[in-house]
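Engineer: In the order they appear, the protein sequences are chains D and U.
Everything in the first sequence is counted per our numbering, starting at 1 for the first residue and increasing by one.
Everything in the second sequence is counted per our numbering, starting at 1 for the first residue and increasing by one.
Source of the hints: derived by calculation from the structure; they are not laboratory data.
Take the hints with a grain of salt, since some may be wrong.
What follows is a list of derived Cβ distance ranges for each label pair [stated by the list, open to error]:
1) D:62 <-> U:267: 53 to 61 Å
2) U:198 <-> D:27: 33 to 41 Å
3) U:13 <-> D:57: 14 to 22 Å
4) U:252 <-> D:2: 52 to 60 Å
Sample of chain D residues at the chain U side, in silico, Cβ under 7 Å [stated by the list, open to error]:
5) 41
6) 42
7) 44
8) 48
9) 74
10) 77
11) 84
12) 87
13) 88
14) 91
15) 92
16) 95
Which residues of chain U face chain D? A partial, calculated answer using Cβ under 8 Å [as the list claims (entries may be wrong)]:
17) 8
18) 10
19) 11
20) 14
21) 24
22) 32
23) 36
24) 37
25) 39
Beta carbons are placed, not taken as given, at the ideal position from N, Cα and C, and that holds for glycine.
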Amino acid sequence: MLLSILAFRNFDLLPPLSEGVRRILGPSPPVRLIQVALVVYGFSGTVLILARMARGTAPGNAWLQLGYLAAFFGFFHFAGALGENFWAVLTAGVTVVGLQAFQGWSHWSEQAREEQDRLARLEGAKRPPDLVS
Amino acid sequence: MFRKICARAIIPVALAVTGFVVLCCILLYSLIKGDLIDHEAKQSAALAGTVLKSARYVMLRDDRETLRNILQNIAAQTGVEHTRIFNKEGRVMFSGKPEELNQTVDTRAEGCSGCHFGPEPVALPELNRMTRRFTNARGMEVLAVTAPIFNEPECSGTACHPPLARQKVLGMLDIGLDQAPLHNALAILRLRMTLFSLMVLVLTVGGVAALLNRQVFIPIRRLSDFTNSVADGNLDEQLAGGCGELEDVAAQFRKMATDLGEAQRRVRQLEAAIAVEQTSVLACEGVVNDVPEPAREDQDAGRAQARGADPRTRPASAGDPKKDS
Numbered sequence: 001m002l003l004s005i006l007a008f009r010n011f012d013l014l015p016p017l018s019e020g021v022r023r024i025l026g027p028s029p030p031v032r033l034i035q036v037a038l039v040v041y042g043f044s045g046t047v048l049i050l051a052r053m054a055r056g057t058a059p060g061n062a063w064l065q066l067g068y069l070a071a072f073f074g075f076f077h078f079a080g081a082l083g084e085n086f087w088a089v090l091t092a093g094v095t096v097v098g099l100q101a102f103q104g105w106s107h108w109s110e111q112a113r114e115e116q117d118r119l120a121r122l123e124g125a126k127r128p129p130d131l132v133s
Numbered sequence: 001m002f003r004k005i006c007a008r009a010i011i012p013v014a015l016a017v018t019g020f021v022v023l024c025c026i027l028l029y030s031l032i033k034g035d036l037i038d039h040e041a042k043q044s045a046a047l048a049g050t051v052l053k054s055a056r057y058v059m060l061r062d063d064r065e066t067l068r069n070i071l072q073n074i075a076a077q078t079g080v081e082h083t084r085i086f087n088k089e090g091r092v093m094f095s096g097k098p099e100e101l102n103q104t105v106d107t108r109a110e111g112c113s114g115c116h117f118g119p120e121p122v123a124l125p126e127l128n129r130m131t132r133r134f135t136n137a138r139g140m141e142v143l144a145v146t147a148p149i150f151n152e153p154e155c156s157g158t159a160c161h162p163p164l165a166r167q168k169v170l171g172m173l174d175i176g177l178d179q180a181p182l183h184n185a186l187a188i189l190r191l192r193m194t195l196f197s198l199m200v201l202v203l204t205v206g207g208v209a210a211l212l213n214r215q216v217f218i219p220i221r222r223l224s225d226f227t228n229s230v231a232d233g234n235l236d237e238q239l240a241g242g243c244g245e246l247e248d249v250a251a252q253f254r255k256m257a258t259d260l261g262e263a264q265r266r267v268r269q270l271e272a273a274i275a276v277e278q279t280s281v282l283a284c285e286g287v288v289n290d291v292p293e294p295a296r297e298d299q300d301a302g303r304a305q306a307r308g309a310d311p312r313t314r315p316a317s318a319g320d321p322k323k324d325s
């Protein structure tokens, strides 16, 4: 959220990049190339999370997705095209992070329920036979 | 709500499809908008070239009245905001609007600074340096294209202009085009893309939800109701058919419930038979207790004879009615 607000304000709260830093970084990549990378990121991220959901494996690292988003905001800002592409990056981020959050919630709640069932079975096994019957 | 299988199946699909379609639409719109703006800039540059070629003969003849007339006619066209020619010093020499004549443009202004950024202006500017966008005093967004009018031997041969070696560019033609039609086209494109996205989302998410509901969720709900009913002891409940594997599960469950019902019915029958037997045994015991000892032995002998056995060879427990039963 904080990252999106900062990006929406075109990172005006942060100090601008100096000419020396810009010279070190070199020219920004073409905007269309960043857009293609954003589509690839959105597609592959969604497919990977859906595949993890289908397999029932644990969710990936959410901080990594935030890192990708920050990188896309940074690249567009550096290329001077953040204003036109802000909503695209935000949509991709909400989709991937939202899916990951849903997968995390679904996976861990299922794990918690299985643990509760296991505990209940263990407690049942510990009871005296007359109480069990 | 999220605990239900329906929500768990549909929410990820809806989120993934919606997010990706919206992302693609935003980027596609951005690409189309960029292409349209580039195309508009090229078109305006081509228009400026056409005007220059059309006015070349008039300028060579130094026919100022005809040149003024040409510019006024172009400026009267719908979508053309301004048309003017200014000299190397930036003074407006000809214009579609007479009130602009003899005004001087600032070479540091937006659109001029693209070529006038150094000590000498750029003689052959690229397309992106020739065009500029700005909002005029009337609040209209304008795409302006500035094309240089180069000095030629025919121009410098007369007394009108200095020789080619001294002056390469005689002046600039500046044409401003209203951007409202482009914005209208983009608004229509936005509306169509929004409608298209909505239709794709409704078809995809709605289709998946409807199929899942029909093929999976409704049979599961029926199965759930059926198992609840069986759990409440209602074994006569019938299960409506499902589809595929769910139909197999339903059939197995129905068979299990029917077997359970049959087993329970047999248990009840056996219990009833045992109860009848016990009652008759108790009644017999009561009768036996009232009968004298010799008469009881006669009765036992009679029973054994009826079974085809000698009462004297029977085991010791044969007379015990409880063991018999």
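Engineer: Next item in the hint list is residue 39 (chain U). Is there a CB on chain D closer than 8 Å to its CB?
Structural biologist: Violated. Min distance 16 Å.
Engineer: Does the CB of residue 95 (chain D) sit less than 7 Å away from some CB of chain U?
Structural biologist: 3 Å, holds
Engineer: Looking only at beta-carbon atoms, does the pair residue 13 (chain U), residue 57 (chain D) fall within the given range of 14 to 22 Å?
Structural biologist: 19 Å, holds
Engineer: May I ask you to test the interface hint for residue 74 (chain D) with respect to chain U, counting a Cβ-Cβ separation under 7 Å as satisfied?
Structural biologist: Not OK, violated: residue 74 (chain D) not within 7 Å of chain U, min 18 Å.
Engineer: A range of 53 to 61 Å was offered for this pair. Does it hold for the Cβ distance of residue 62 (chain D) and residue 267 (chain U)?
Structural biologist: Holds, at about 57 Å.
Engineer: Looking only at beta-carbon atoms, does the pair residue 252 (chain U), residue 2 (chain D) fall within the given range of 52 to 60 Å?
Structural biologist: Holds, at about 54 Å.
Engineer: Quick check on residue 77 (chain D) please, does its C-beta sit within 7 Å of some C-beta on chain U?
Structural biologist: Given a least distance of 16 Å, the restraint on residue 77 (chain D) is violated.
Engineer: Closer than 7 Å between Cβ atoms is the bar; does residue 41 (chain D) clear it against chain U? Give me holds or violated.
Structural biologist: 10 Å, violated
Engineer: Can residue 10 (chain U) be said to touch chain D, with a Cβ gap under 8 Å?
Structural biologist: 11 Å, violated
Engineer: Using Cβ atoms only, decide whether residue 48 (chain D) comes closer than 7 Å to chain U, and label the hint accordingly.
Structural biologist: 11 Å, violated
Engineer: If you take the shortest Cβ to Cβ gap from residue 44 (chain D) to chain U, is it below 7 Å?
Structural biologist: 11 Å, violated
Engineer: Go through the hint on residue 36 (chain U) and say holds or violated, using the shortest Cβ distance to chain D against 8 Å.
Structural biologist: Hint violated; residue 36 (chain U) Cβ to chain D Cβ min 14 Å, cut 8 Å.
The structure shown violates the earlier hints numbered 5, 7, 8, 9, 10, 18, 20, 22, 23, 24 and 25.
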